[in-house]
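*Asks:* If you read the sequences in order, they're chains R and P.
For the first sequence, the positions run 1 to 385 when the numbering used here is used.
For the second sequence, the positions run 1 to 511 when the numbering used here is used.
Because the hints were derived from the structure by calculation, they are not lab data.
All the pointers check out, no bait thrown in.
Partial selection, computed: residues in chain R whose CB lies under 8 angstroms from chain P:
no.	residue
1	Ser245
2	Thr246
3	Arg247
4	Val254
5	Glu257
6	Asn258
7	Asp260
8	Arg263
9	Ala265
10	Gly266
Built from N, CA and C at the ideal position, the CB exists for glycine as well.
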Amino acid sequence: MTGAGPPGSRPSGSRPPGRGGTPGGGLVVRVERQEAATPGLQVTVLVLSLLAGMLAVGVLFAARGINPLYALWKIIGGSFFSLYGLTETLTKAIPLILIGAGLTLAFRARFWNIGAESQLLVGAIFATWVGLQWGTRLPPAAMIPLMFLAGFLGGALWGVIPAVLKVRFGVNEVISTLMLNYVAAELVTLLVVGPWKGATQQGFPYTDDLPASAVLPLIGATRIHYPTLIVALAAALLLFALVYSTRFGYELRVAGENPDAARYAGIDFLRTTLILMVLSGGLAGVAGAGEIAGNHHHLTYPAVISAGYGFTGIIVAWLAKLNPAASILSAFFFAGILVGGDAIQISLGLPAATVHVFNGVLLFFLIMGDYFVVNRLRLVRRGGA
Amino acid sequence: MVGICKSFQAVRANHDVSLRVDSGEILGLLGENGAGKTTLMNILYGLISPDQGEIRINGESVALGSPREAIARGIGMVHQHFMLVQNHTVAENVVLGLREAPFLGATRWVGERLEEFGRLYGLKVDPRRRIWQLSAGEQQRVEIVRALLQGADLLILDEPTSVLTPQESQELFAILRRMAAEGHTIIFISHKLEEIMAVCERVLVLRKGALAGAARTDQIDKAELARLMVGREIIFRLERERLERGERVLEVRDLTVAGDRGQTAVKGVSFEVHRHEILGIAGVSGNGQRELVEALTGLRRAVSGTVAIRGREITNASARVISASGVSHVPEERIRFGVVPNLLVFENAVLKQHSRKIFSRVLFLNVPRIRSHAQGIVDGFNVSVPSLDTPVKNLSGGNIQKLILGREITGEPDLLVAAHPTYGLDVGATEYIRKELLERRRQGMAVLLVSEDLEEILELADRIAVIYEGELMGILPAAAAAGEAQPGASQADLEAIGLMMAGSRPGGVRP
Chain R
1 MTGAGPPGSR PSGSRPPGRG GTPGGGLVVR VERQEAATPG LQVTVLVLSL LAGMLAVGVL
61 FAARGINPLY ALWKIIGGSF FSLYGLTETL TKAIPLILIG AGLTLAFRAR FWNIGAESQL
121 LVGAIFATWV GLQWGTRLPP AAMIPLMFLA GFLGGALWGV IPAVLKVRFG VNEVISTLML
181 NYVAAELVTL LVVGPWKGAT QQGFPYTDDL PASAVLPLIG ATRIHYPTLI VALAAALLLF
241 ALVYSTRFGY ELRVAGENPD AARYAGIDFL RTTLILMVLS GGLAGVAGAG EIAGNHHHLT
301 YPAVISAGYG FTGIIVAWLA KLNPAASILS AFFFAGILVG GDAIQISLGL PAATVHVFNG
361 VLLFFLIMGD YFVVNRLRLV RRGGA
Chain P
1 MVGICKSFQA VRANHDVSLR VDSGEILGLL GENGAGKTTL MNILYGLISP DQGEIRINGE
61 SVALGSPREA IARGIGMVHQ HFMLVQNHTV AENVVLGLRE APFLGATRWV GERLEEFGRL
121 YGLKVDPRRR IWQLSAGEQQ RVEIVRALLQ GADLLILDEP TSVLTPQESQ ELFAILRRMA
181 AEGHTIIFIS HKLEEIMAVC ERVLVLRKGA LAGAARTDQI DKAELARLMV GREIIFRLER
241 ERLERGERVL EVRDLTVAGD RGQTAVKGVS FEVHRHEILG IAGVSGNGQR ELVEALTGLR
301 RAVSGTVAIR GREITNASAR VISASGVSHV PEERIRFGVV PNLLVFENAV LKQHSRKIFS
361 RVLFLNVPRI RSHAQGIVDG FNVSVPSLDT PVKNLSGGNI QKLILGREIT GEPDLLVAAH
421 PTYGLDVGAT EYIRKELLER RRQGMAVLLV SEDLEEILEL ADRIAVIYEG ELMGILPAAA
481 AAGEAQPGAS QADLEAIGLM MAGSRPGGVR P
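Chain R on its own, in the form it takes in the complex:
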């Protein structure tokens, strides 16, 4: 690929082309395709992107009269360098691992699932229903798997809708998944203020609390509901194996990388898309079940159930370079930022949205960083062929 400088940057004089080195030609930056990006370069770009993102966020802090280094220390120190912070970070990492790992699958096939948030919520609805329905009759050993299964089913069902819409009717999945987020959120609100409003909750918009056998055990005095954590870690590792060593994973990668070759190889798009959205949506649903059974113990307002995990999961998947196993690490990192965000809200009096700005800016820089992995910048003399 040949690239040119910005249009009109070259003088349209009477100099013959092909003699780029003639004196008087200034230097211009030229963009070229990178032949092969080494892993070293990829890691360097990743780290530099994160640093650049933090720098940009630092400017925002400075604009509010806060020392950026101090704010950054508050975020990192509050989430990774205190025992309480660390347990909170782990707690928040649980849904992020599940969602992030699931999204790596969807994004690999170029299915832009922006609806993990709603898949989480529908999973939460299903799990709550199962918990309230059977929790008094079944022992925990049966209840806990059953609730995860219900959550998976709910998320999968909600995830399959945009998949069918896309493959059968060509509906853009970005729009459909995004809009289904609103539908699911309103559905949850409707349930908790309406038919499912708990008789024992004194008029609060909650369902009744789950019976004891439907509540997940925690590690000591923390909020870490370890059954979900185990499920999440196992799911991420299983998805890793799925992507790299199964037939389905192979077809998924072919379909995502080169749809024409997938057609040539006789790969069934509907089947591939359905399976991947069952998995991606289902895992978000499991995250929803975990939040209900491990944290809240009843269904409540959507914004309380999920701190935007479905959206943060997008960044988690991206930072993991669409590698399901790596999403464990990136989920931990972003969980830390969520916790740190809470910390600076209190200690620095910043608005709650600060952490979203932080995340958004980081994603922005991560995506920009990819440009430098794919392309290479070179300084050349003006008009060089």
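Use these hints to put chain P onto chain R, whose structure you have.
*Replies:* Coordinates of chain P only, in the frame set by chain R:
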């Protein structure tokens, strides 16, 4: 243009081409696909910059860094694929990018200009209609009008008739003649001999990126032009032994296939391919070859007709079923269809065969076996790769093609459909792949070879079918096997095929 050279990596698209065009002249640029016509004109239009050479306009040497600069110097280009906004009106499309258009009332202003052009050249279009409502011919007129309004004195038309009906083509020719009479200069790119003869005063012939000849159209005949276009010398470098053809493998009856735009791309063709035989399908690209191949391999549905492999009908079966019935496919556009560039060599070595029992258990891929299979292809077909874990995008075109060919052949299919298997490859890789095809023929494979390269078809095929506008113009037996080749005889063949490729039915020769 003087001494223009341009290479894309190892492929020489233009080599030392010089071209002169006088004002008020219609110059034809003739050549097969891949001969470098479009590259040359893209250089003139500022889309790509040449490696060497010089462009002079009215004697002044210029550097054209972008189309904007070319337009400023009065050069306009109408591409083969129109660059129009489908949902906008004609007027809106024409105004786009025009500095002179008034800010308000642009539609009326364009309307007046259009009326003027209609009077002058017969370029009639309704400015209020939307692009998608227009026929291809009308859309082309919009493109021409736009170029003229941008001040083009020199207009480049890239394969302008490829999307037109014969009637529309005639109308276009009339418009072009009137434009030339008014002093406009036109460069007309085509691979169709008749058109060049009909509309141009002078013609330049490009072959393999270099100038093969130049003539005034009133001083040359079609046969001579055909010979210049496809190359004078046919050298039989490969041993093609005489073989009795075996049982019938592929039988195609009255196959009709629709193209992307709903037009009938393949019109009721019938042919067969036997074991120990290579059937060559010759023709200028865009005459239905792609649709034919896609219908045979399950990538496109046939409208009517039947396709059978060894007596079993597979018409409109899925790509996977057809592949399982013993049909392999080396696709044209190898990067687009044949491989997944970001996946690794060993992963690409089983594309399409990955679901076969030997490569996958119930759920999991058998990676060790896939790797050893890939190693076998790499060794057996001289694919030069740093390792099996290299992304395929880092391989050269020739190595990618060897990998694909190896993959498609090692399954020992009954039929190999090879579309343009050596297109864009260097000499070494080309020879290698041709030898492999002959070797498979010897072993009993039936091969359907689709190629624009007549030399290749003559070198490899036992019988040659010529396709033109979706119809088979005839099936000729190849002149002679190696050793018996007489220069005179093959020359005659070449001419006959060249003419058939340009749409003339053969006189005495019948299948």
